[in-house]
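J.: These protein sequence lines map, in sequence, to chains A and B.
The opening position of the first sequence corresponds to residue 1 in the working numbering, with each subsequent residue numbered one higher.
The opening position of the second sequence corresponds to residue 1001 in the working numbering, with each subsequent residue numbered one higher.
Simulated from the structure, these hints should not be mistaken for laboratory data.
Since we're looking at a predicted model, the values are computed, not measured.
Each hint should be verified, as a subset may be incorrect.
Subject to a maximum C-alpha distance of 20 Å in a straight line, what follows is the list of computed DMTMM-like cross-link-like pairs (lysine to aspartate or glutamate) [to be verified]: (1) B/Lys-1231 to A/Glu-230; (2) B/Lys-1231 to A/Asp-219; (3) B/Lys-1231 to A/Glu-227; (4) A/Lys-231 to B/Asp-1219; (5) A/Lys-231 to B/Glu-1227; (6) B/Lys-1231 to A/Glu-283; (7) B/Lys-1081 to A/Glu-91; (8) A/Lys-231 to A/Asp-275; (9) A/Lys-231 to B/Glu-1230; (10) A/Lys-231 to B/Glu-1283; (11) A/Lys-81 to B/Glu-1091.
With the C-beta cut set under 10 Å, the calculated list includes, among others, these residues of chain A facing chain B [stated by the list, open to error]: (12) Asn-99; (13) Gln-103; (14) Asn-153; (15) Glu-155; (16) Lys-213; (17) His-238; (18) Leu-242; (19) Ser-244.
Beta carbons: idealized from backbone N, C-alpha and C, even for Gly.
There are 2 protein chains.
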Amino acid sequence: MSRSSFDGSFMQLGPAYLRYHSGESVTNSPPTHRNRALSIRSGGKSGKGSSSGSQLPSFSFSSLRGQSQPELSRKLFKLIKSENNLINAHEAAGRERINIATQLSEWGEQTGDDAVSDISDKVGVVLSEIGEQEDTYAHALDDSRGRLKSIRNTEKSVQPSRVGKAKIADEIAKLKMKEPESARLVVLEQELVRAEAENLVAEAQLSNITRQKLKEAYDAEFLATIERAEKQIILAKHGRRLLSLLDDTPVIPGDTRPNYTEGSQARQILNDCEDDLRDWRPEVEPYDAPVEETSPAKEKQPALDIEADDGPKETETGTKIPESA
Amino acid sequence: MSRSSFDGSFMQLGPAYLRYHSGESVTNSPPTHRNRALSIRSGGKSGKGSSSGSQLPSFSFSSLRGQSQPELSRKLFKLIKSENNLINAHEAAGRERINIATQLSEWGEQTGDDAVSDISDKVGVVLSEIGEQEDTYAHALDDSRGRLKSIRNTEKSVQPSRVGKAKIADEIAKLKMKEPESARLVVLEQELVRAEAENLVAEAQLSNITRQKLKEAYDAEFLATIERAEKQIILAKHGRRLLSLLDDTPVIPGDTRPNYTEGSQARQILNDCEDDLRDWRPEVEPYDAPVEETSPAKEKQPALDIEADDGPKETETGTKIPESA
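Between the sequences and the hints, there should be enough to build the whole structure, so can you do that?
T.: Right under this line is the structure:
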């Protein structure tokens, strides 16, 4: 098994590769940042990013000292941790909701009022299912979080490649100053070519994984958000129907309320609700209709893909990094 | 100001009141519990209600010992605490979501990939608004929780009335055993009549507040659930449109991606999303349409209401207990 699934096709890429083997090979292209004054993110939402500022420092050796996560994957590492907090919060909400449902039902029983007892019991059933949906949502978020880990792991694995390349380029620059005629320069230049080749593969893998998994992760989150929302709407609407069965006309002291006769109607509402939930289906279209103009993007061929048409097509997820973390 | 706003009309209620002044006056009518074998709540969901069991103990003096909350309001007291946990969980979810939105945007900027940078920034805007909706939901739940406090406070205030009545009845029973000819019996019987009169008012207030506030509280929760859901669906659908603008066709090493030209489309999606959220309106109908057959309940007059048609009508929320707690 070759270290990279891109290796085969890479050897045909001399011309494209050689473009990079010039003076700009010392600096990596990704860290050159534009001024983003018009972006929404610079509008004061960051607040805590004081060390990373609005102009990110370009990558350097010193910035790695004392940090357990490589620079490249640090932001995503934190984001994945925050996703975990989000998942825990929704899990807690689901749990508390189910708790409340039981407590409401038991309280209703204690009132000794037939109508309050029946309605609170059935509203409890609805609330409990709302809680279950919240829990299902938390699990969907967890799946989505796994996709972000793929990106983070790839970022992690690309870091040594960038470091290695920069190290050799640095050494060449120093040697050219001290001993411009040194025989070691030839060896180092060859090493740099190899390091740059490796890095080119790594950067392509990173770009592919980043775009693919970013789309997958947040599309899964949005779909889960829609599913939870649509099911909870069904539940809440039937819940309101149940409440409407409770006669809240005030009585005067000593008066007795008319007998509660809405029990079978309440039972029917729960049945309707169950049916509606069972009939729920996710929307089929991969994305919302109005953006049809962008769907041909899937068919678009990358600029150089003609040269390696049989190779990289099946390697879009071809990174060898395990997804667990 | 009279202690109870029912006082005026209560004096006309001799016949109805006297019905209660018989042998059954010692036991309160609410605590007589039915066998609820067919109820959903007995289906094993409770789990923790070991002390309250399926057959609730009827009210007695001894059950009050060492408990800071009166028996009557204890279940709702706990439920209100659980509602607080639920609110906190949704607040935390909202906060984390907004956190993640900023982190995603900043991570995207760091990738140095124009397309990833723009899409992650705008998806971040959508996620951030999803978080805001979660926070708004938490506040709506808090409002709803206030209505439950009204019930709990009324339960609390009704407890001494039940206790007082039972205490006198107990004393009468004991005295009848020991000194059946005692002159004190006459005084006690008079006291009992007064205590029962007070209790009748209290129980009517409790019934009215319970039904009214229960409906209000959970109707508010269901409406808030629908609002959050509908708005988050709008956001998630536009979020998916944004993701569809990100070309994830894999590139091969050394290849460069075509320039990102979807910036204005992405901007337009955010504008559409903003418009849709602004145009959102809650449904007008008080309850869902299918339960029309129950709506005449509002017009129904309670059995004895003809005698006091001008009195109690405006006193349906006439309890003097403050809602704060």
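J.: Determine which of the earlier numbered hints do not hold for this structure and return their numbers in increasing order.
T.: Hint 14 is the one this structure does not satisfy, whereas the remaining hints hold.
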